[in-house]
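Got chain U sorted already, so can you dock chains R, H and C onto it with the hints?
Chains U, R, H and C, in that order, give the protein sequences.
Sequential numbering from 1 applies to the first sequence in my numbering.
Sequential numbering from 247 applies to the second sequence in my numbering.
Sequential numbering from 493 applies to the third sequence in my numbering.
Sequential numbering from 739 applies to the fourth sequence in my numbering.
Fair warning: there could be bad hints in the mix.
To be verified - The list that follows gives simulated cross-link-like pairs (lysine to any residue, SDA-like), each with its CA atoms no further than 25 Å apart:
#1 U:K66 - H:V538
#2 R:K453 - C:Q802
#3 R:K458 - R:A481
#4 H:K663 - C:G883
#5 U:K7 - R:M375
#6 R:K454 - C:K945
#7 C:K940 - R:R429
#8 H:K558 - U:D193
#9 R:K448 - H:K499
#10 U:K171 - R:A405
#11 C:K946 - R:Q451
#12 R:K355 - C:K946
#13 H:K499 - C:A896
#14 H:K705 - H:A719
#15 U:K202 - H:A650
#16 H:K627 - C:G908
#17 C:K868 - R:Q451
#18 H:K627 - U:Y34
#19 R:K448 - C:T848
#20 C:K745 - H:D626
#21 H:K619 - U:P37
#22 R:K454 - C:T848
#23 U:K208 - H:M691
#24 R:K453 - C:T848
#25 C:K868 - H:S495
#26 U:K130 - R:S249
Unchecked claim - So the derived label-pair ranges between C-beta atoms look like this:
#27 C:A844 - U:S49: 56 to 66 Å
#28 R:N369 - C:D768: 32 to 42 Å
#29 H:L713 - R:R271: 36 to 46 Å
#30 C:K847 - R:K458: 20 to 30 Å
#31 R:E368 - C:G850: 34 to 44 Å
#32 H:G505 - C:Y740: 41 to 51 Å
#33 H:I508 - R:Q266: 40 to 50 Å
#34 U:P35 - R:E368: 48 to 58 Å
What the hints contain is simulated information worked out from the structure, not anything from laboratory work.
Every residue gets a Cβ at the ideal spot worked out from N, C-alpha and C, and that includes glycine.
4 protein chains.
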Amino acid sequence: MYSHCEKGGWILGNTIDGCQAEYVRIPFADNSLYPIPEGADEEALVMLSDILPTGFECGVLNGQVKPGDTIAIIGAGPIGLAVLLTSQFYSPSVIIVIDQDDNRLAVAKTFGATHIINSIVENAFDKVMKITGDKGVDAAIEAVGIASTFELCETIVAAGGHIANIGVHGKSVTLHMESLWSRNITITTRLVDTVTTPMLFKTVQSKKLDPKKLITHHFRLDQIVEAYETFGNAAQEKALKVILSN
Amino acid sequence: MYSHCEKGGWILGNTIDGCQAEYVRIPFADNSLYPIPEGADEEALVMLSDILPTGFECGVLNGQVKPGDTIAIIGAGPIGLAVLLTSQFYSPSVIIVIDQDDNRLAVAKTFGATHIINSIVENAFDKVMKITGDKGVDAAIEAVGIASTFELCETIVAAGGHIANIGVHGKSVTLHMESLWSRNITITTRLVDTVTTPMLFKTVQSKKLDPKKLITHHFRLDQIVEAYETFGNAAQEKALKVILSN
Amino acid sequence: MYSHCEKGGWILGNTIDGCQAEYVRIPFADNSLYPIPEGADEEALVMLSDILPTGFECGVLNGQVKPGDTIAIIGAGPIGLAVLLTSQFYSPSVIIVIDQDDNRLAVAKTFGATHIINSIVENAFDKVMKITGDKGVDAAIEAVGIASTFELCETIVAAGGHIANIGVHGKSVTLHMESLWSRNITITTRLVDTVTTPMLFKTVQSKKLDPKKLITHHFRLDQIVEAYETFGNAAQEKALKVILSN
Amino acid sequence: MYSHCEKGGWILGNTIDGCQAEYVRIPFADNSLYPIPEGADEEALVMLSDILPTGFECGVLNGQVKPGDTIAIIGAGPIGLAVLLTSQFYSPSVIIVIDQDDNRLAVAKTFGATHIINSIVENAFDKVMKITGDKGVDAAIEAVGIASTFELCETIVAAGGHIANIGVHGKSVTLHMESLWSRNITITTRLVDTVTTPMLFKTVQSKKLDPKKLITHHFRLDQIVEAYETFGNAAQEKALKVILSN
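Chain U on its own, in the form it takes in the complex (with noise of 0.2 Å):
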C-alpha cells in the first residue's frame, strides 16, 4: 500500500513542494519511476502519472468491475472517464455516466458509455432504476466528493454490490445504516497507489487504452497563464485535460 508508505505516499505537492520547477527531486524515486521505451507516445503517458491509476484503482478495481455487471459512475470529470476507459477493460454490460453538464456527457457516450444522465434535468435515481430493472447497479462511483452525490450511490447500490469512492470530500455524509446493514454491500475509499501504472501502461502499448482521448488543449510553457485559465474554466472551455510543452 504505497499511498500508506509510513514515511513517503503522498508527497509531491502535499508534504513538500510539487512538480513545477526547472529539477525536481523525486523521494523513493527507485520504487516510482518509469522508463519510457523508445517511441511511447509521451503524451499518452502524461495520463498514466495520476488521472488514469486515481480511476482504475480507485473507481474500478475497488468496485470489483465484472463481466456483465452493471455500473454507474457518477460524475464525468477527467477522473469519472477515466474510470469509464478503464471499467471496459472488464466488459461491463451497462455504464451509466451521471453529471450535470451536457458536454461532458456527450463525451462520456463517445467513450462507451451506454446510458448518460444529466441530473438536473432527470431523476437521477429513478432513471437508474428503470435502466436495471429495479434491482440497482453492482458498482456505484463516485467521481465527485460532495454529499448528495455519495449519497445517491447509497441509493442506486444492489444489493451485493460496491460503492467505490473516489471524490476528495470536505464534509462528513450521511450513511443509511438503517436500510444498508442487510444489503451486503461494500463501500471502498482510497488513496492512489499507483501499483497498477505497469498494467496500464501495456494496456496502452497494446491498443486497449487510448489515453490522449482525455487531452483536450495544448500550450506552450510561456502560455502557461492562459493554460490554467482554461482549465479553470473547465466546463465553459470544454476542457478535460490540458498538456504543457516546449
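Positioned in the frame of chain U, the structure of chains R, H and C alone reads:
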C-alpha cells in the same frame, strides 16, 4: 448470495411466521437444511443455526481477518462473542473486545480476547491507539448497531483496514468521509448467508470450535416464560444463549 | 463445485443417456435450467450450454487472465475459439493462437487473436518466446488434450504464470518439475461447473459476446446424419458448431 | 514476485557466494532486511529467514488451507514441520503427516499433527482415504522433492483440491492427466518470495508461533565442523535445525 435470493432469503420470523410451533414448513429446504450425523452434540449445533455463521460471515470473513492482524470487536453480546471465537480460526495477534458490561468482558477474556476495554470506564479510542502503537486496527467489527459504536469504528480503523458491520441499525450514522476518503478503508454490511455452515460444522466436529461455551442457561419447554424473562434481562442474569428442550 | 456434486455433476451422456430424445428428464433441474427471456436469440444460447462456459471457466477464469496479459491458446477448435472470445472480456494485450489447421487459425485471426502460429510450419516455442521478449506467456491454455500440447505449455509459461488445462486427456503427461519447481507456476484442471452461465448470458444480451460466430452449419432434424458427418469431418468441412432445428 | 525479480531473486549461495563470511553484502537490502526490535528472541527469528516463509508461502498459502480443511503434509523434515506449524494459523480439521522416520513423525505429533503415517510400514494412500472417508485431502503439500511423493499427492488430492509443491525436484514426474483432467485440481510450484516475513514476525511476537521448536542443536562457531556433521546425519542425530553462535 442466499440472503438476497429474490424469493427466499430471510423468511422465517420476517416475511412469514417463525419457528415456535409444533410443525414448521421450511421454504427451499433443499438448500438450507443439513443432516446431523449420529453422535453429534445437538446443543452445539443449535449455535450453528444463526449466531455463529452471522459472527463469522459478517464479522470475520467480511473483516478479512488474517494471521498477525490486530482486530477490535465492539460489543460482547452473543454475536460479538461468536466473532471472538471464530476470528481465532485465522490467528490474529491482538483481539480487543469493547463493551460496557464487565461480566461480558470477563467472559470475552476467557474466550481468547487479548485486551478488554470497558468503554464507560476508559476512553476506548485512546486505549485502542495505545495498544496498536497509534496505527489503529486492521479490522473493526461492529456488533451493536448504534451510531456511536459505528463511529468509534471509523476512528480506530487503520489505513487499509476494514469496518465490518454486523449490528442491526435503526438510524443513519455519520460517515466522516472528510478524513476517510484517503484512508483506503473498506466498510461492509451483510445479512448472514449461512454459506459457511458446512465449514463451521467441520470445525465443531474437529473440536476447533466449541459453540457450547455460548450457552449459559437451560430450560424445559414448560419453563418457556421464565426462559424469555431470563434472556430479556440478559445483563442482569449473565445470560448469553438459552437452550429450551423437552 | 457443481461438477463434483456427489449425486449430480456430469450426468447426461455420461452416467445416464444424453439428450437425443423427444422428451428429456433433467436431474436437479432447479439448479441447472435458466429461463430464456422473450426475444432472445435461441441459437446464440445453444452455445451457452457447454462450449462457452467450458472455455471461459476452465480456460479464462482458471488462467486468471488480466488486462495487459499475454496469453497463448493451444488448439483452435470450438473450445479454443470459445476461450479466444471470452478471454477478451479481460483485455489481454497479446493473444497467441496455436494450431495445425490454417482455416481455424484464419478464423482465430478474425475473432481477435493478435498472433497465430501453425505449429507444423513454425516452431511454436521459438515464436512464442520471440513475441513475448523471452518471458513466455502469463497464461497458457491447453484446449487439445494430448501430451505434446500440454508439454508445450510447460515450456512457454512465464515465471508466475498459469497453465489452464481444458483438454480431455487419455494418457499421462511428463511434468518437468526439475525446471518448474522454482518457477511459481499454477496448473489447473476443471470439468466445467457452468456457474458462469448467468454472467455469460448478460454479456450475450448486451452484445459484448456474439456466440453465433461459432456456428458454421445449419441442418434440419431430418438431415441429422449429414450433420454428424459434417461435424465428423470438421477440418475438411471447415465446421465449428452445427445447429439442428425443425 | 521477489523470487523472480529480473536482477534479484535468489542470489546468496546461488548466483553469488553465500553468507559464511565475516562481512556480507546484501543486494537490494532496502527491500529484504527487517529491523529486529529490542527484546526479540534472535534464535526464533533465524527460523524466519528461510524455513518458515518457505513452508508458509509455498505450502500453506499456495495450498489455500482453510478452516475445517483436511490436509496432508508429505515429508516431516524442517520444511514439512514448518508447514505443520504455520498451517495451524488457518485451523484445518485434519492434518496428516507422512514420512518414513518415526522420530520425525513423533515430533510432528507433538507439533499438532492429528494423524501420522509411516509410509514404510503402512500404505499411505489407503490410510489417507480411510481418514478422509474416501474423499482425499483438500490440500496435499509435497515437501520432499521426488517423483513418488509427488505422485502420491496426485492420488490423495480430493476433487477441487490443491497440490502445493515445495520440494526441489531433480527429475520430471508423471502427471496423470488421464484422471486429473476432470478433477478441478490446482497444482502450484514456488520459490519462496519472503513477502510474508512481516506477517510471520507478528505471529512470533504474539506467541501464535514458536519457531524455536524447530531448533534441536546449538554449537559455537569453533564447533562448526561438528555442527555440519550433525546436520549431515540429521536422521541419526534427530536433528532439525542447528544454531551456530559465538
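Is it true that the CA of K448 of chain R sits at most 25 Å from the CA of K499 of chain H?
-> Answer holds: K448 of chain R to K499 of chain H is near 21 Å, not above 25 Å.
Is K663 of chain H close enough to G883 of chain C, meaning Cα to Cα at most 25 Å?
-> At roughly 23 Å apart (the allowed maximum being 25 Å), G883 of chain C and K663 of chain H satisfy the hint.
Starting from K627 of chain H, check that the Cα of G908 of chain C is at most 25 Å away, please.
-> Holds, at about 23 Å.
Between K208 of chain U and M691 of chain H, is the straight-line Cα distance small enough, at 25 Å or below?
-> OK: K208 of chain U and M691 of chain H at ~22 Å, within 25 Å.
Starting from K7 of chain U, check that the Cα of M375 of chain R is at most 25 Å away, please.
-> Between K7 of chain U and M375 of chain R the Cα gap is close to 20 Å, so the pair holds against 25 Å.
Within 25 Å, alpha carbon to alpha carbon, are K130 of chain U and S249 of chain R?
-> Within the cut-off at roughly 24 Å; holds.
Regarding the pair K458 of chain R and A481 of chain R, is the alpha-carbon distance no greater than 25 Å?
-> holds, 19 Å
Range hint compliance [Cβ, P35 of chain U to E368 of chain R, 48 to 58 Å] | Hint holds: Cβ distance 53 Å, inside 48 to 58 Å.
Is K202 of chain U close enough to A650 of chain H, meaning Cα to Cα at most 25 Å?
-> Given pair K202 of chain U, A650 of chain H holds - Cα atoms ~16 Å apart, limit 25 Å.
Distance restraint between K454 of chain R and K945 of chain C, which requires alpha-carbon spacing of 25 Å or less = holds, 18 Å
Taking 25 Å as the top limit, are the C-alpha atoms of K448 of chain R and T848 of chain C close enough?
-> Holds: K448 of chain R and T848 of chain C sit about 22 Å apart, inside 25 Å.
Per the hint of 40 to 50 Å, is the separation of the Cβ atoms of I508 of chain H and Q266 of chain R within bounds?
-> holds, 44 Å
Violated hints for the displayed structure: none, as all numbered hints are satisfied.
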